[in-house]
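K.L.:
Build the full structure now, drawing on both the sequences and the hints.
Chains as they are written, first to last, in our numbering: chain A, 1 to 357; chain B, 1 to 357; chain C, 1 to 357; chain D, 1 to 357.
Keep in mind that a hint or two might mislead.
Identical chains share a label here; the pair holds if one copy fits it or two copies do between them.
To be verified - List time: in silico SDA-like cross-link candidates among lysine to any residue, alpha-carbon distance up to 25 Å:
#1 K73 x R353
#2 K97 x D267
#3 K161 x S254
#4 K73 x V217
#5 K161 x K198
#6 K161 x N277
#7 K19 x E71
#8 K19 x Q41
#9 K198 x R45
#10 K97 x I34
#11 K19 x E33
#12 K164 x D64
#13 K62 x W84
These are computed hints drawn from the structure, not numbers from a lab.
One letter stands for each residue in the lines below.
4 protein chains.
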Amino acid sequence: MNTFGERFRLTTFGESHGKAIGGVIDGFPAGIEIDEEFVQQELNRRKPGQSSITTSRDEADKVDFLSGIYEGKSTGTPIAFSVWNTNQHSSDYDEMKNIYRPSHADYTYTLKYGIRDYRGGGRSSARETIARVVGGAIAKLYLRQCGITVQAYTSQAGPVKLEKDYHELDFSLTEESLVRCPDPEVSERMVALIKQVKEEGDTIGGVVSCVISGCPVGLGEPVFGKLHAELAKAMLSINAAKGFDYGMGFDGVSRRGSEMNDIYYSDEEGIHTRTNNSGGIQGGISDGEDIFFRVAFKPIPTLLREQETVNENGDSLLLKAKGRHDPCVLPRAVPIVESMSAMVILDALLLNRCVRE
Amino acid sequence: MNTFGERFRLTTFGESHGKAIGGVIDGFPAGIEIDEEFVQQELNRRKPGQSSITTSRDEADKVDFLSGIYEGKSTGTPIAFSVWNTNQHSSDYDEMKNIYRPSHADYTYTLKYGIRDYRGGGRSSARETIARVVGGAIAKLYLRQCGITVQAYTSQAGPVKLEKDYHELDFSLTEESLVRCPDPEVSERMVALIKQVKEEGDTIGGVVSCVISGCPVGLGEPVFGKLHAELAKAMLSINAAKGFDYGMGFDGVSRRGSEMNDIYYSDEEGIHTRTNNSGGIQGGISDGEDIFFRVAFKPIPTLLREQETVNENGDSLLLKAKGRHDPCVLPRAVPIVESMSAMVILDALLLNRCVRE
Amino acid sequence: MNTFGERFRLTTFGESHGKAIGGVIDGFPAGIEIDEEFVQQELNRRKPGQSSITTSRDEADKVDFLSGIYEGKSTGTPIAFSVWNTNQHSSDYDEMKNIYRPSHADYTYTLKYGIRDYRGGGRSSARETIARVVGGAIAKLYLRQCGITVQAYTSQAGPVKLEKDYHELDFSLTEESLVRCPDPEVSERMVALIKQVKEEGDTIGGVVSCVISGCPVGLGEPVFGKLHAELAKAMLSINAAKGFDYGMGFDGVSRRGSEMNDIYYSDEEGIHTRTNNSGGIQGGISDGEDIFFRVAFKPIPTLLREQETVNENGDSLLLKAKGRHDPCVLPRAVPIVESMSAMVILDALLLNRCVRE
Amino acid sequence: MNTFGERFRLTTFGESHGKAIGGVIDGFPAGIEIDEEFVQQELNRRKPGQSSITTSRDEADKVDFLSGIYEGKSTGTPIAFSVWNTNQHSSDYDEMKNIYRPSHADYTYTLKYGIRDYRGGGRSSARETIARVVGGAIAKLYLRQCGITVQAYTSQAGPVKLEKDYHELDFSLTEESLVRCPDPEVSERMVALIKQVKEEGDTIGGVVSCVISGCPVGLGEPVFGKLHAELAKAMLSINAAKGFDYGMGFDGVSRRGSEMNDIYYSDEEGIHTRTNNSGGIQGGISDGEDIFFRVAFKPIPTLLREQETVNENGDSLLLKAKGRHDPCVLPRAVPIVESMSAMVILDALLLNRCVRE
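P.N.:
Structure below.
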């Protein structure tokens, strides 16, 4: 279904070339100041046309709040919002009406529902993530009151990897990088790669890493609602995501327990771990250390070069995308990863209010 | 919370050293023959003491069905079951009452709930997965009527990798391998590694891969309930799981779109893709090809050697596990991965009955 | 929360004097023709100003669909809609900003949330039911394909009762009655009473009865999701509703089992009951007979005469409503009762697709 | 489905003549002392054979807790419990295997699921309410810490009504009455009626009233989760329940707004209402006054006299119940109404922890 979360819930709607993309936020606590400018800024981080390495589509993507805010504050009632679709070139898609684009959702939606709004990918378009960014921005407004920060960044573009540990990075540089990689030198190489791929009419994948700091101990619901399980679901629900790991993740499988265990120690501030190979979560519950994880994204399947495919009748044909498309999800995926993270953490905070006497 | 699934739901209960581990299955369709022997066999695949590379604890783990079955068939009402705890050595844990074991859930449960059943890890023990295997076995009974198979196997133990593609494997060999790796030569190397690690009082991680065949096109609920997002959540909810990817996953990020796209073609049987880099899912919905994914597991944190840690007062101390413990989750994780997969797929099948006129 | 239903879900938003009232319908089956004119007609049945016995507020209440419909058909994706608030006289409420109106939600919302949009009752306004009527109209489009009809009518206004059984009524007359009572003579007496009450600056309660015909056997989910339990929740969630009963309801408590039992018989068409004291539901599951129930509504608490009350500081004061208000919920409650019923039945139909092999 | 509640959840299982009736309680706060004796006492209030006006079946109905309790306290993990079926006379039902008992669920379950455990009514038996009473008793343990009391009593048996307002009653007398009516004189008349009905092989209906005192202002979730809507659903989910109203309920429809409105006043303790016609709930949210409501129960359909009916083939036949049956639900329905109420209130308390900053 189109609802995410348990206590803090986001229900989204809208197709790429329909009237609007929007959503309804339910369960947001009352009395929080809603900084609409901040929400718009977050949306701007996601929007197309922000740089030479994103699509040149110029979508205004202005958020319009319809309810739930009174005199600048949340009232505890649903916060509905809409972003009107204004710059859609539906005719770009006319000839694709009956065509199944490779590695897109055209074929599966058609067989699932028997009907499909093909224009711009319809509901399966990444424009749907607009609603997630608004939801995430609202969630961030709450988290920052609690001193919780969520910072995502590009850690790999194609084969170009940022090898540094996140402690060595200066996150204030993330937004200065076209690809949202906070290491200027690596960022440059990533941008060069993406430009080259774009020139070739091709696309490339990447990895977004995310660090959540300031979480109290205790977030996450055993046994099926483990905090990292919720984060995994949230991340994999983003378009083009193909993998998730947290802490040492896939790299940790080759290690010994004696290398991986995070040893506790205590000081005047309380109990901590000397290392954080676990990624801030033990047994599905936050342990107060930084939470960190990675999300793998595949190369965008829309290519500005010819590809073989079939139409609804099974006839073979050659397809070449028209329109304006991203060569890589990376810079725009960063705010989406943050948004989904913020919503997961806020939901966990609310759920955690109920577990003790 | 302790419930998994939407239409097909499993609610689990029980602590490691309490009276029982069990669960309630709700939403299982009526009229399906319940092969209790098969369920017990599945449970035997999970149980400790099955070989020289698992713990020597000999838990009977007999499933006892309490409701929902009449004259050998499901009735559509809840199927409750219990596995009685009989061979628990709670005294092994007495001295750990106030100690936080490194990279275990002792600390986080205590801070979350203010109280903890420390015996055998309590609710955070992997014994909880007993209920998942029973749930998964019941789900498999339905899937096999639909021609859907779920096959997991160990594809990596520590640094020892099975490099072959799953098409080259003979899954009938999986159960003959102590580590549940269907390639005898690689299996042997894995077993040797695990034995060595065990002798050193250490533990090691690994990867379980899983292939689901025979799924119809259409499973998965956009946009937050994408099939791979549900699989990710299910897998990450398993104890010690640290990562998930599907299709080309993390390896696909370095590739170009032109290499990764799965090209459609049609023949008399319908529309198919020439490759399956997508792992059988497009836009969150199954496309009829095999679904495959990987799950990363960390080394088990319980070590038969001394480790530093603290107790509830923050006092430093040295801890060495008593009792009988696994050096590696791998052989026993395989049926759990299958079980969680089977439940996700059955739930998706039921949800998919509602989407069209 | 602000979501209703399980498989067919309506999430609503909006305050009385905010930008819009609207909702998101999720889980509506794909491929159904969306007759927007019918939806608007249903909304017109709910809207104010329709007659001399309703409020004279003239709200346009035009529904605007934002998503989920393509070429006139549902696509299986969320159907979002908005009804823009255009004729709100917020200044009517200025002096009530800090006042708790008797038997309204002002006091309870303020204490629950610590903040309240007081204008027109905010979220607790009956304008919120606009979204329910749109949701119900969409549900009806599906039900009519299945031959299921939902017909509500006023069966009591104050002490004026319609004593006839529903079989004796001609439902085609319901819409011709100002109070939506299909018996012209009783209707006339009801209208006379309501006019008199209005002149006195007072208000009056009433009962809406509802008949659902054409349901297949099998709707309803034991044990907590009994069909009548879901109907009860749906009805009691309507503003001003105070009671619900079905079949013989409260009147049946004085009877003997031997009088009340519905005796089965069979003919060529199948198995039926000779009487229907049970109201079409046995053990929480529809039995194929007509489902019928009653909903009690209290008199509207907004009076055009002085009442004592307090403000937020606890100061006593006298309050007299300004603005345009209904003297009785009855004529406008009828389409709302139908709408909630239609959504419950559609949800039950979808859930029932999952229970058998 | 077989789960009730949102944050505090009860999942129940079991058939009348299966191995056990039981349930899993999830979301109960950690750290609460579990008084098992109290739970058993509550169960004893529900059990058959307690007096000359209930069935003479002597079911032990001992509750056995399986998890979630450690050193006498709740741990925040699921509390599973089982009540073993020991005194079932399944052979009493042998000849009813293919027969549809009038006004029972036999016919509807069979058509819904295609299969039915006919013994003792299977899942549709009122024995299922055992699990509700255990869940309710656990909930009461929490509520009494908060000073919230839930008191139900029989207010009508057949035509014999208790006309007094609840303020005039002495609830300490409820348990001394065979029919759980706290007015000794009315109780006597009720008991006489029930005995007479029983002698005639017939059954009779009744009304249970319930008063919840001590609730804070703020319980209930607008707009679909209004507190009285949740209570209505809970009550109507009880076997044989046919109606629900709260506050003035159905009797209030004939009144004027000017008579019904509850006027606010303030004193040093805060804001209160002079009357409580609203039944302690305004706009779906508790207002701090007593919550009170009524539940209508039909006469039990099992008669110790001959009735006409049909079997699965549609053949006519005469049926006369064997076995031991209640002539009236009333005395045993009282603890069930309290239990469902307690669970609704606890859930509302937990949900209400999330609504404000």
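K.L.:
Hints first: check each against the structure and report whether it holds.
P.N.:
Verification of the hints:
1. In this assembly of identical chains, K73 and R353 lie within 25 Å of each other by CA distance both inside one copy and across copies; the values are 22 Å within and 19 Å between.
2. For a Cα distance limit of 25 Å, the shortest separation of K97 from D267 across copies, 21 Å, qualifies, whereas the shortest one inside one copy, 64 Å, does not.
3. When the C-alpha separation of K161 and S254 is checked against a cutoff of 25 Å, the pair qualifies both within a copy, at 20 Å, and between copies, at 10 Å.
4. Proximity of K73 and V217 under a CA criterion of 25 Å is satisfied inter-copy only: 22 Å between copies versus 28 Å inside one chain copy.
5. For a Cα distance limit of 25 Å, the shortest separation of K161 from K198 inside one copy, 19 Å, qualifies, whereas the shortest one across copies, 35 Å, does not.
6. Within a single copy, K161 and N277 get their C-alpha atoms as close as 20 Å, and across copies as close as 22 Å, so both meet the 25 Å cut-off.
7. Taking CA atoms no more than 25 Å apart as the test, K19 paired with E71 passes between copies only; the shortest distance there is 14 Å, against 28 Å inside one copy.
8. For the homomeric pair K19 and Q41, the shortest alpha-carbon distances inside one copy (22 Å) and between copies (23 Å) are both at most 25 Å.
9. Proximity of K198 to R45 under the C-alpha cut-off of 25 Å is restricted to the intra-copy arrangement: shortest distance 21 Å within a copy versus 50 Å between copies.
10. Proximity of K97 and I34 under a CA criterion of 25 Å is satisfied inter-copy only: 21 Å between copies versus 41 Å inside one chain copy.
11. In this assembly of identical chains, the alpha carbons of K19 and E33 lie at most 25 Å apart only when taken from different copies (19 Å versus 29 Å within one copy).
12. In this homomeric assembly, K164 and D64 never come within 25 Å of each other (Cα to Cα): the closest approach is 40 Å inside a single copy and 51 Å across copies.
13. Taking CA atoms no more than 25 Å apart as the test, K62 paired with W84 passes in both settings, with 7 Å inside one copy and 19 Å between copies.
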